[in-house]
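Colleague: Since each chain comes alone in its own frame, lean on the hints to assemble the complex.
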Amino acid sequence: MEIAWFKKIRKPKQPVEHKRIQVPEGLWVKCNGCKEIIYKKEVLRNANVCPKCNYHFRISARERLSALFDDARYQEVDTDIYSVDSLKFRDVKSYRDRLREYREKTGLNDAIINARGTIGGLQVMMAVMEYGFMGGSMGSAVGEKVTRAIERALDERIPLVIICCSGGARMQEGVLSLMQMAKISAALGKLHEARVPYISILTDPTTGGVTASFAMLGDLNIAEPKALIGFAGPRVIEQTIREKLPEEFQRSEFLVEHGMLDFIVERREMRDILIRCLKFLMNAEALAAFAPTSAAPSSTAGSDLVPGAAASGSENVASSQPGRTREPLPFPSPLVARNKITSSPEVS
Amino acid sequence: MAAEEDDFERPLRELEKRIEELSGVPGGDDRADEIERLDRRLQALRQEVYAHLTPWQRALVERHPKRPYTLDYVNLLFSDFVEIHGDRKYADDPAIVAGLATYKGTPIAVVGHQKGRDTREKVRRNFGMPRPEGYRKAVRVMELAEKFQRPLFTFVDTPGAYPGKGAEERGQAEAIAVSLRTMARLTIPIVVTVTGEGGSGGALAIAVGDRVLMLEHAVYSVISPEGCAAILWSDQGKAKEAARAMRITAPDLRELEIIDAIVPEPPGGAQADHTRQAAILDDHLMAALEELRSVLPVERVEARYQKFRRMGTFGQAKFF
Ligand SMILES: [Zn+2]
Chain R
1 MEIAWFKKIR
11 KPKQPVEHKR
21 IQVPEGLWVK
31 CNGCKEIIYK
41 KEVLRNANVC
51 PKCNYHFRIS
61 ARERLSALFD
71 DARYQEVDTD
81 IYSVDSLKFR
91 DVKSYRDRLR
101 EYREKTGLND
111 AIINARGTIG
121 GLQVMMAVME
131 YGFMGGSMGS
141 AVGEKVTRAI
151 ERALDERIPL
161 VIICCSGGAR
171 MQEGVLSLMQ
181 MAKISAALGK
191 LHEARVPYIS
201 ILTDPTTGGV
211 TASFAMLGDL
221 NIAEPKALIG
231 FAGPRVIEQT
241 IREKLPEEFQ
251 RSEFLVEHGM
261 LDFIVERREM
271 RDILIRCLKF
281 LMNAEALAAF
291 APTSAAPSST
301 AGSDLVPGAA
311 ASGSENVASS
321 QPGRTREPLP
331 FPSPLVARNK
341 ITSSPEVS
Chain S
1001 MAAEEDDFER
1011 PLRELEKRIE
1021 ELSGVPGGDD
1031 RADEIERLDR
1041 RLQALRQEVY
1051 AHLTPWQRAL
1061 VERHPKRPYT
1071 LDYVNLLFSD
1081 FVEIHGDRKY
1091 ADDPAIVAGL
1101 ATYKGTPIAV
1111 VGHQKGRDTR
1121 EKVRRNFGMP
1131 RPEGYRKAVR
1141 VMELAEKFQR
1151 PLFTFVDTPG
1161 AYPGKGAEER
1171 GQAEAIAVSL
1181 RTMARLTIPI
1191 VVTVTGEGGS
1201 GGALAIAVGD
1211 RVLMLEHAVY
1221 SVISPEGCAA
1231 ILWSDQGKAK
1241 EAARAMRITA
1251 PDLRELEIID
1261 AIVPEPPGGA
1271 QADHTRQAAI
1281 LDDHLMAALE
1291 ELRSVLPVER
1301 VEARYQKFRR
1311 MGTFGQAKFF
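Chains R and S, in that order, give the protein sequences. Just so we're aligned: the first sequence equals residues 1 to 348 in the numbering used here. Just so we're aligned: the second sequence equals residues 1001 to 1320 in the numbering used here.
Each statement offered as a hint is correct.
Below 16 angstroms or equal to it, Euclidean Cα-Cα: the simulated EDC-like pairs (lysine to aspartate or glutamate) are: (1) R/K226 x R/E248; (2) R/K30 x R/E42; (3) S/K1017 x S/E1036; (4) S/K1066 x S/D1273; (5) R/K279 x R/D219; (6) R/K88 x S/E1255; (7) R/K226 x R/D262; (8) S/K1307 x S/D1260; (9) S/K1104 x S/D1282; (10) S/K1089 x S/E1169; (11) S/K1066 x S/D1118; (12) S/K1238 x S/E1226; (13) S/K1238 x S/D1006; (14) S/K1238 x R/D91; (15) R/K226 x R/E253; (16) S/K1240 x S/D1007; (17) S/K1017 x S/D1039; (18) S/K1238 x S/E1005; (19) S/K1165 x R/E257; (20) S/K1165 x R/E243; (21) S/K1165 x R/E247; (22) S/K1066 x S/E1009; (23) S/K1318 x R/E104; (24) S/K1318 x R/D80; (25) S/K1240 x R/D91; (26) S/K1165 x R/E238; (27) R/K52 x R/E42; (28) R/K93 x S/E1241; (29) R/K52 x R/E36; (30) R/K93 x S/D1235; (31) S/K1240 x S/E1226; (32) S/K1104 x S/E1290; (33) S/K1318 x R/E76; (34) S/K1165 x R/E248; (35) S/K1017 x S/E1034; (36) R/K88 x S/E1241; (37) S/K1104 x S/D1283; (38) S/K1240 x S/E1005; (39) S/K1307 x S/E1255.
These are calculated hints, taken from the structure and not from any lab test. Computed from a predicted structure; not experimentally measured.
Bound-form chain S, shown alone (with noise of 0.2 angstroms):
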C-alpha cells in the first residue's frame, strides 16, 4: 500500500511499455486501432492519476527529474539572457542562477534556484541547495534590476538551504535574512513563481515578491516532510502524515493566501510538456507584470509590506 502510494506512476508507466512494443511490430489495422485505444486510454488514466495526488504524492512529483527547472524557464520564456555569477565576496554558487534577459520587449532581472538534470551537474548545482554565496548573488542582482528599475522574475525550487559546515561558517543565515528584508523593500515590480520545492527558508528568501504563483503540482513548506516526520513523529517513515498535516500543497497555500495563483499544470505534470508549461506560465507572468505595472512604486512596495504583513493566523483575548 505504501508502495503504491510511492509509485503511482506505475500503471503509466505499463501502459506506455504495452504500447510501446505494439509500435515496434508490424501489424495491420487492427494493431493500430489497438495502439490508438491505448493511447487514449493512457491519457485518460494521466488525468485521472494527477487529478488525485496525495499531499506526498505532490511532494515527490517535485522531485521528478525531469521537471523543468529555472534555465529550462528562462530559455522558454525570456532572450537575451545574460547570466550573471558570483557574489563578489567569496565565490559564485551554481545552485542559484542569476542575470539579465527581455521579455515580450522589456529588459528583466531572473533569480531562480537550479537543479542538475544528470549526475554530475545534479553535485555541480548541490541538488539545488543554495549557499550563502547564492543569496548574496541573487541578492547584488536584485540591487542591480532596482538601481536601474527593471522589474525581477523569481523561480523557486530547492529542497532548502544548504546545511554544510561551510554554508554556517560564512553565515547561511545572515545571506538569507538580508535576502527577505532587501526584497521587501525594493520599489520594482516582483513576480514569484514556486515551480517546485519550496524548501522552508531557502526558498523564501528569493520568495518575497508582489505576486507569488505556485504551478498546480508544486509544493511549498516550512520543512521537508521526512525532516517534519524526523522531529515530530521521531520516525521518518511518517512523512506521509507530516506531508498531510503541514498542508504543503497549491489548493492549500491559496486557501491559507499565502500565494496569488494556482499555474495549471499540463496533464502529468510540467515534466511531461515543458514548452506547454512554459506557454501556461507566460499568461500568468504578463498578467501579473501588466497589473504592476500600472501601481506607483510606493505604492506597490507598501502593498507588498501589507500582503506578508497579514500572513498567520492567531487569536486575541486576555488569559492571564
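So that you can see chain R by itself, here it is in the shape it has in the complex (with noise of 0.2 angstroms):
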C-alpha cells in the first residue's frame, strides 16, 4: 500500500549523481550542435542551452522538474512504481538485468517522474519522461504512471503537463507496452471531456507509441527547438523509402511548417509561457460547467454504474466541489488494486 504521499514535501534529496547523467563530467563540454568546446558552467547557466548555437543538450526530468515549478519545490507523486519483467525477456540481456542496470545509473524506479506543485502560483500536475532509464522507453510501470498522473489531474481538476522524452514503447515488455498507448489515450479522452486542461511538451527525441498516444493529444502540443519528432525513426523510413531524409526531416521546425505543432519555445522561456497559457487554458467556470455530477446526480444511477471503479472514480468525488482543489483520492483505488502487482520488489 502506497504511503499518504502529499503529507510528504520532497526536497531533493536524490543522490548527487543524477545531475551528471546529461552533461559530461570535466569544466568542459562539446557541443552537439557547433561541434565547440565550451566552458561547462556557462552552458549551466543558459538552462543547459549552448550560448553560441542554441543547441539545447538534453537534460534529465529533475532538472526539467527544478526548473519550472515555483522555487524548483514539487511534491514527488506515484514514486513506488516500478517495472517488472512479466514476460521473462530476453534478448542478448535478460530485461531483469537491464531494469536493475539502470534503477542503479539514474536512482529512478522507472523512465518517468509524477509530480506536483504550482507553476505561477497555479496547482499543476506534472509527468516528466527521463530518456536516461532505458531511452525513456514506455512499458507498463511508465503506462500506468502518465495514466495516475492524468487521473490526479482529473480528481483535483488541475491543469496536466507531460513532458515527452522516449524512443517509444519499450519492446521488452512486448504488447503490454503497445497496450499502455490505448489505456492513456483513454485517460486523456475523459481529462478531455472534463475540459481539464493538458500541456504536451516533446522534446528531443519523442518518438513511436508515446508521439502516437500522449505526446499528440495536448490542447497545446509545443516543442524545444530543433527536437526529433515523429511516428516511425528516421532510420526506418529510409529503409522504407529507399533514400536519404534531409537534415531537418521531423525536426520541431519542420513539424510547425507542416502544421502538427502549436509552436515552439526555447527552453529559458519555457517557464513563462506555460504561465501565459494556463492562464488561458484554466477556467474554474468551464470546469464547472462540465463536471460530470451536473448532469448525473450521484445520488442515483451514476454511483452504482460500475461497481468498484465509481465508488472512488473521479465522477462522484471531483464533482462534490467542481473546480476546486480538494484532498486527493488516496491511491490505490479500487481500479488500480485490480493491476496486477507483485508484492515484493526484485531489486536491491
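Modeller: Structure follows, in C-alpha cells:
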C-alpha cells in the first residue's frame, strides 16, 4: 500500500549522480550543435543551452521539474511504481538485468517522474520522462504513471503538463507496452471531456508509441527547438523509401511548418509561456459547467453503475466541489488494485 | 533446420501434389482407395502441423496470401455494404476500408485494414499499411456510428502504419492518437477482431473495443519480429527468437488478458476455408454484440475504460 504521499514534501534528497547524467564531466563540454568546446558553467547558467548556437542539451527529468515549478519545489508522487519482467524477456541481455542497471544508474524506479506543485501560483500536475532510463521507453510502469498523473489531474481538476522524451514503446514488455497507448489515450479522453487542461511538451527525441498517443493529444502541443519528433524513426523511413532524408526532416521546425505543432519554445522561456497558456486554459467556470455530476447526480444511477470503480472514481468525488482543489484521493483506488501488482521488489 | 521452420507447409504441398497426380491418370478402385487414403493423411497432417505452429510460423501464416481480408469478411458476414471513402481533408486511403452495412438485420458500421490479393491490388492497398488519411477516415466513420448510435465492428490486419515521408508530414502519430482517444470514448458497442497481423500502433489504432477477439493463428505485437530482432539483437535473422520472446500468439495474449476470446480456425487455417472461418467468427460476433447490447451506454464506456486501464504489469515498492 502506498503511503500518504501528499503529506510528504519532497526536497530533492536524491543522490548527486543525477546531475551528471546529461552533461559530460569536467570543466568543458563539446556542443553537439556547433561542435565547439564550451565552458560548462556557461552552459549550465544558460539552462543547458549552448550560448553560441542555441543547441538544447538533453537534461534530466529532475532538472526540468526544478526549472518549471515555482521556487524549484514540488511533491513527487507515485514514486513506488516500478517495472517487472513479466514476459521473462531476454535478448542479448535479460530485461531484469537491464532494469537493475538503469535503476542503479539513474536512481529512479523507471523512465518517468510524477510531481505536483505550483507554476505561477497555479496548482499543476506534471509527468516528466527520463531519457536516461532505457531511452525513456514506455513499458507498463511508465504507462501506469502517466495514467495516474492524468487521473490525479482529473480528480483534482488541476491542469496537466507532460514532458515527453522517449524512443517509444519498450519492446521488452511486448504487447503490454503497446497497450499503454490505449490506456493513456482513454484517460486523456476523460480529461478532454471534463475540460481539464493538458499541455504536451515534446523534447528531443519523441517518437513511436509516445508520439502516437499522449504526446500529440494536448490542448496545446509545444516543442523545444530542433527536437526529433515523429511516429517512425528516420532510419526505418529511410529503409522503407530507400532514400536519404533531409537534415531538417521530423525536427520541431519541420512539424510546425506542416501544421503538426502549435509552437516552439526556447527552454529559457518555457516557464513563462506555460504560465501564460495556463492562464487561458484554466477556467473554473468551464470546469464547473462540465463537471460530471451536473449531468448525472451521484445519488441515483450514476454511483453504482460500475461497482468498485465508481465508488472512488473521478465522477462522484470530483463533482462534489467542481472547479475547486480538494483533498486528493488516496491511491491505490479499487481500480488500481485490480492491476496485477507483485508484492515484493525483485531488486535490492 | 531454419528453412524447415519457415517452410512448414512443404509436406502438405507434397502430399497434395501426389493426390493431384494420381487423380490425373485413369485407374481402378485401387487408385481411388489410394487417393482416399492420401487425402485422409493430408487432413491429419494438416491438423497436426497447424496444431503445433511456433510463434514465428504463426507470424508467417498471417502473411499467407490467401488469408481472408476485411472485405472478404464483410461479404461473408454482412449485407447491404456501402463503402465510405476519404477523410474529407486530404485523400482516401485504400489501406483502410470503412462503411455501413447490415448485420442480422441491424445497421452497423465497419472499419478494417485491407490488403490486396494480386500485385497491383497489393500496391494499391499499400500492403495494408495505412497513412494518416486512413485513420482519419476510420475516425470519421466511428463518429458517424456514434452520432446515429450504431454498433461498430473493426477488423485488424496490418504490418503497421506506413513509415513513409508523406505519412510523417501529415501527422501519422496524431492520426493514430486521435483514433485511440476517440474509440475509448464512443458509447456504442465496439467488437474488434484481430484477423491477421496485429502490427503495433497501426493495428491498435482501430482495436480499442469492448470485446477484442483474435483468430487462433493471428499475431499481435508491439513491433514485427524482424524489427524487434534488428533493434535488440542487431540481427534481423533473430526474428524467430524475437517472435518467441515477445509473446505474440493468441494463447499468449489471452493469458496476458489483452484479448477476450480466441476464435478457432478451420484445419489449415482461415486461408484454407474462408466461408467456414466466417461462420465460426459469426457466432462469436453475434454473442459479443448481444452481450454488449444488454448494457447501458455509460456502463459500456466505463467498462471499456476499466478494461484497458487494467492492462500492463508493474510492481509497487520503494527502492529509494
Ligand atoms: Zn553550440
